[in-house]
Amino acid sequence: MKYAYYPGCSLSSTGVEYDISTKKVAESLGIELWEIPEWNCCGASSAHLTDHLLALALPARNLAIAEEKGLDVAIPCAACYARCKATEVEVKDSKEMQKTISEVIERQYTGKAQARALLDVFVNDLGLQSISTLVNKPLKDLKVVSYYGCLLVRPPRLGFDDAEDPQSMDKLIEALGGTPVDWAFKTECCGAAHATTKSEVGFPMIEKILTAAKEAGADCIATACPLCMSNLDMRQTQVGAKYGKNYSLPVFYFTELMGIALGLNPEELGISKHFVDALGIVKKLNEAAGRRDTA
Amino acid sequence: MKRVGVFVCHCGTNISAAVDCEKVAENAKSFPGVAYSTDYKYMCAEPGQELIKKAIKEQKLDRIVVASCSPRMHEPTFRRCIESGGLNAYLLEMANIREHCSWVHPDDKERATIKATDLVKMAVAKVMQNEALVRSTIPITKRALVIGGGIAGIQAALDIANAGHIVDVVEKEPSIGGRMAQVDKTFPTLDCSACILTPKMVDVANHPNVNLITYSEIEKVEGYVGNFDVTIRKKARSVDLKACTGCGTCIQKCPTKVPSEFEMEMMDRKAIFTPFPQAIPNKPVIDRESCRYFKSGKCGVCQKVCPTNAVDFTQEDELVTERYGAIVAATGFDLFDDSVYGEYGYGKYKDVITGLHFERLLNASGPTMGKIKRPSDGKIPQNVVFIKCVGSRDEAKGKAYCSKTCCMYTAKHATLVREKIKDSNAYVFYMDVRTPGKGYDEFYTRTTDQYGAKYIRGRVSKIYEKGDKLIVWGEDTLLGRPVEIEADMVVLATAMVAKADAAKLAQMVGFSYDQNNFYTEAHPKLAPVETHTAGVFLAGACQGPKDIPESVAQASAAAVKVCGLLSKEEMPTEPIISAVNEAICSGCGMCVPVCPYTAIDLKVIQERVHGKTVSRKIANVNSGLCQGCGACTVACRSAALNLKHFTNEQILAEVDALCL
Amino acid sequence: MSEMTKKMQEIAREILVKGEAEVVIGWEKGTFWYLSPPAFIDKPEDVQRLVWDDFCHNNLSKYLVDLKNHEGKAAVFVKGCDSRAFNRLLQDKQIAREKVVLIGIPCPGLLDQDKAKELGKNSDLPKAQKCLDCQYPNPLVYDYYLGDKEALNEVAATKEAADYSDVAAIEAMSPDERYDFWTKQYDRCIRCYACRNVCPACSCRECVFDQTRVGWIGKANNSSENQFFALTRAMHVAGRCIECGECERACPMDIPIMLLNKKLVKDINELFGEYDAGIDIEGKLPLGHFDKNDPEEFM
Amino acid sequence: MSVKEMPQNWEPKILVFACNWCTYAGADLAGLSRLQYPPNIRILRVPCSGRVNPQFVIRAFQRGVDGVLVAGCHPGDCHYVSGNYFTRRRYLLMQRLLQYVGVDPERFQARWISGSEGPKFQQVVTQITEEIRAMGPNRKLRDAQ
Amino acid sequence: MERIELTAAWAEGQEVLAEVTKESGVRASKCYQCGKCTAGCPVAFAMDKTPREIMRLVQLGLMDEALQSQTIWLCASCDTCSTRCPREVDIARMMETLRIIAKRKGFVAEKKMDLFHDLFLKSVEKNGRVHELGLILGFNIYGMQPLKDAHFGPSMLLKGKLSPLPHTIKDNGEVKKIFANVRKRGGKL
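Residue numbers (this note's numbering), protein chains in the order written: chain Y, 1 to 295; chain F, 1 to 660; chain H, 1 to 299; chain A, 1 to 145; chain C, 1 to 189.
Next comes chain Y alone, as it looks inside the complex:
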């Protein structure tokens, strides 16, 4: 299995551990990721609010490079995925748009190279069956709420999962030996850049999600988006302080949880880079496993 890989800007900065864990996990699972050379920013989440054509053209360049190579593109970041998918679909739907975009990016893109969410690739191309056979440190008794965020499964006609009650990440957690916890905020929006630009709007949105996860009885949150991650993880203490709450909810990229279950070193997966301590819970998991082994 081989895919073009589009990490996106966040994965080389705030979401560096998403990049690290993705690459490690893909390697362990035998998926070859060919990082698009000299990839550019997809424009999320500013370009589409400024100019529609620019919003389509920026992702199109990356897709065009993948198309030349004959590969579909695996995209970890939900926002990048959404922008790339939108481009792919508009190009496929309209020959005229295809022509315009190819002229703007000065490359050919016909919509043949598809934008694929990394989660989709793992769950639907590789398959849960194959993943679960490779699990050697199951996430036993770890209660995880899956937070898909707003962009991963929308709009419904393009999605690889149900837009209202998606299941793929939950099923993945289950395949990793963890306990998926159902909750109602799987696709509620975390406010994206609002936490940075307008915290009085962004913080209440984050608060709602963290509270819901806590109330659902989760030990931690799994996510597929670097912006969601920074809102839920980096901002967690800040938001907690504002609302007088202590959530202590570690947030993981789903790839990190996969890495842990596949027996990779948590440090090497980048888990120490989180703001809310996540290593502790991993340690507990390993200790419990150790006790089970000796017992």
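Do not rely on the hints blindly, as some may be mistaken.
As the list claims (entries may be wrong) - With a cut-off of at most 20 Å between alpha-carbon atoms, the simulated DMTMM-like pairs for lysine to aspartate or glutamate come out as follows: (1) F:K469 <-> Y:D182; (2) Y:K245 <-> Y:E215; (3) C:K188 <-> C:D114; (4) F:K397 <-> C:D90; (5) F:K499 <-> F:D476; (6) C:K22 <-> Y:E96.
What the hints assert, rightly or not - Covered stretches of chain F, as calculated for chain C (at least 3 residues, CB under 8 Å): (7) 396 to 410; (8) 475 to 481.
Everything labelled a hint here was simulated from the structure, so no lab data went into it.
In this text the structure is predicted, and so the values were computed from the model without any measurement.
Yeah, the Cβ is synthetic: ideal placement off N, Cα and C, and Gly gets one too.
Assemble chains F, H, A and C onto chain Y, guided by the hints.
Positioned in the frame of chain Y, the structure of chains F, H, A and C alone reads:
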């Protein structure tokens, strides 16, 4: 030698003001076949008609052209006229020189006259090829079939039976009663549904002219108006209806419990069961899917305890064929599947239910003995939220149409919540409140005013569980503010949709259905209970969402149509139908799928070829079904099919005449 | 003798000896080296007449119509186009599947007869136009198959894309140019109806063009009547033409009949969705059904 | 034939195949409403537009009409349920085929005109008459006579 | 409240309405004002007009009021509204288009947000990728709140999450060209 008479009408000055009628009549004399031509002030008036009749006799005319108004106006008049003059009615053609000529070309008499002459020329050319056609008759079988034993079917059957005709009612379920039996109270009077339905069920069951055929389905329909041959599959009941007394011992003793469909799976029934206590016939059936005996061969308790030995495990489905003169489709509706609304969590959250579930919760013989209780924990809900238009008026996930009944039954539900639960709140999320019906708006007004239900204009976007509450997010669009309600129970006013197998039945009988699989009436205004297939009528929600009074009214209307048909011994058929030239037809069957009335099938004929008898297939037009559209004639490459009165020869002659 | 000819003769012999069929329809060498007309073999000793070469053009399925009232079974060799013709005739209910034994032959594409006649035996001959346009060189239905089955599956999976450049060239002309073009073509027509007679979509008991009493068409051999014939024939095979090109090959006046047929195939595909005649015998014919969402141009 | 060569006093002759239930009724309504249009059309009544065999259309051109209009009920309104859907398919093809052999698109047209569309009937036949008048007599597909 | 004269407002709003409809491909007339968009909107609590009200303004041609509202700037583009709309109206796309047009017309109700997006795109144009540290610094400096979020800086640098230098792609000519080509086609960036 054919002798055509041409009669040009002035229509007072309606025609003659713009067309030189005398000249047209004069011109006509030179057309091939014309033996006589004249003009007159009013052809349709008595003296005009006499003029025609007289000319037929005196001039020995054998076919007539009347150049006057539109045939849509006076063709019947002139057909009668020449008939009484001794000619076959179909030896008439009309040239429309009024609507299509004088009235639209008032200022150019010369060219209007040329045009009128052309139109007459075409009519003459056509009439030269006309043939005498005879209206035939088909016998009518005096027996009606009603498909579906809900309130619409029951009403139709009763009305037909009371008029003295025999009716068979075929019902798929073990009992008649349909959806209305599941309903607790009816709007706008709040009288109990069972109290008004069950007497009708008894009436229909006891009526000497009615045969109830329950637990049965239509297997095949052949034939046409007056003569439908219908095969009915009587599903194996596993209980001998004659021997069973309906004592119910078997039901009591049956060890297998399964969720009751009638109770919306909120309560159990046995594997041998009647759907509800007032079922008719009140004799059980065995649900073989869940019965222990049928699954494992062990058990047989019901058979052992039956005092009359009525339980018969060896029963098999039985096919019976009967001939009917008319059919009423009254197959009812299904509920939309609300689980497509992931955002509402129907199917995931136990206390998010449909209106029909709620009916059963209200019902004294339902799962909660008439107390409104939550399915999840049996608690009495304080805050009940109703959401309207779930599946209706929703192009994205549901149906584009309005389900018509939900506004009223939701008002009823909200009223009953407020009436039955002390200190309760009933919130209704709506987009519009549609109450056109006698006493309906008054009922709705009482719901808000007297009963204090709170109506919030807006569609709900999300429901989720928080503890034992259901959080409902909506917008109060009148305030322009997002709102949230902590509810104990949410009731979805679910769309009415066509039965899952609606299309199958329509295809079997041969009538049409719309994009939502509701049956299509012949005309939305003027033929609302007829279908395009003669002898097949519609009643109730199978034609579109309807409430009880409307279903009953439509059922009675359908019954009148049936009675009208059955009151005759035979009915005349229009002779303008397609005919097959058997010598030419190669039996390719291209005509079969283009016929909208399934009037064409292929039949096998025998013929002698080189001293051998061979058989071959040819098209066969059913004169009872053919309506004379001519679609088949164009599908037939070799022109083996031809439409009488509009034959290929006639149309070609008209085309040629136009250019002579 | 070619490998395929040998195989053909063997299987024909076997079928006749075993009595699987009473007659085998194949091709034999004709009067000229570039002709391989149909052969009807009913004795095992005659099978050596059968040949397979670059000129086995005739669409043999059409001959089955003549055997409609024949009681016994017939075996027939089918190329891709013959097999589509067979399906076509099945759909028209003109033959009974159980009365026919089909022997499939993979077709590499045949050579142009007219060019062969013109250029002589030892020249480099081009493929026939109909074979260049062919999208289904391999039989779609058969009881026996004389080629390599695996190769067949591979080929079946990759249908060749249709080439409509010749049709497009005419579409690009002005109306008057188009009219002049077709008038020139059909002025040559002698109304011999050879095109109809070989056509597997023409299976009427009595063709409209023979119905003098109705007067669909005048006897006069003029441009107008000839074009009535051309257009009517084209409409009659619309959605049913399997593009075997036999009409054009049979035409003694070299009228490009396939240019009309292909135009209809192209328009049907564009208007009502991709459809290839003679592929799926269960499917509905393009002019035998409709879709409420068909293009609307008549508002 | 250019306008200059147009014969004197030439008037186009246009044949309209009108279905009995919609277009014929629409033409009646145009009359009842006294809506004027050029006297060049001749209406041939058929039960349904689905009855109109393409051979009739070619025949009309052969015999010398200058234009043909096939008109029926709007899709969905056919008196015979589905006849006009077949008409639509058939004449979408036929129209293209006629143009392919060089018939000018204006010469053959198809339209949906309902029984209530008297004004539309007037407008359609006026427009077609004017278009064809501007083009001159039809010579294509015509009998030599 | 001021009475709106609807006929005049409708006439006045036509041009912009046509522009919005063309650019977004969204027909506002499809909306039947059920409010499901607002009901599920995670940002509705902070808006001055609900998303449904924006649709209503557009329906009536009250374009200036729509373009001047904060709402269009607060929309987080999460698509919840479009996903759930029973009339399949792409409300999120409408918001996006209104924002683009508002900017073109100089109606910027939320200067900070606009600044953020401007800086973001500048960074992309310059480097081919977004330089997050630069973006945050720039945003806070231009936004006159230089110390906001500054406490994250050091720990982010330590965790390797913020690079002091921008990530660039070697030959950014291609991305610059994309910007130039979009501008050539009338894009106002």
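Outcome of the hint check:
1. Under the criterion of a C-alpha separation no larger than 20 Å, the hint pairing K469 of chain F with D182 of chain Y is consistent with the structure, at around 16 Å.
2. A threshold of 20 Å between alpha carbons decides the hint, and for K245 of chain Y with E215 of chain Y the separation of about 13 Å falls inside it, so the pair holds.
3. For the hint linking K188 of chain C to D114 of chain C, the alpha-carbon distance of about 13 Å falls within 20 Å, and the restraint holds.
4. The suggested pairing of K397 of chain F with D90 of chain C holds, with an alpha-carbon distance near 15 Å, which does not exceed 20 Å.
5. Only pairs whose Cα atoms come within 20 Å are accepted, and K499 of chain F paired with D476 of chain F is rejected, the gap being roughly 34 Å.
6. With a C-alpha separation of about 15 Å, the suggested pairing of K22 of chain C with E96 of chain Y holds against the 20 Å cut-off.
7. For the stretch 396 to 410 of chain F, the stated coverage by chain C holds: 3 residues have a C-beta nearer than 8 Å to a C-beta of that chain, and at least 3 were required.
8. A count of 5 residues in the stretch 475 to 481 of chain F with a Cβ less than 8 Å from any Cβ of chain C is obtained; the coverage claim is therefore met, three being the minimum.
In summary, the structure is inconsistent with hint 5 from the numbered list given earlier, while agreeing with all the others.
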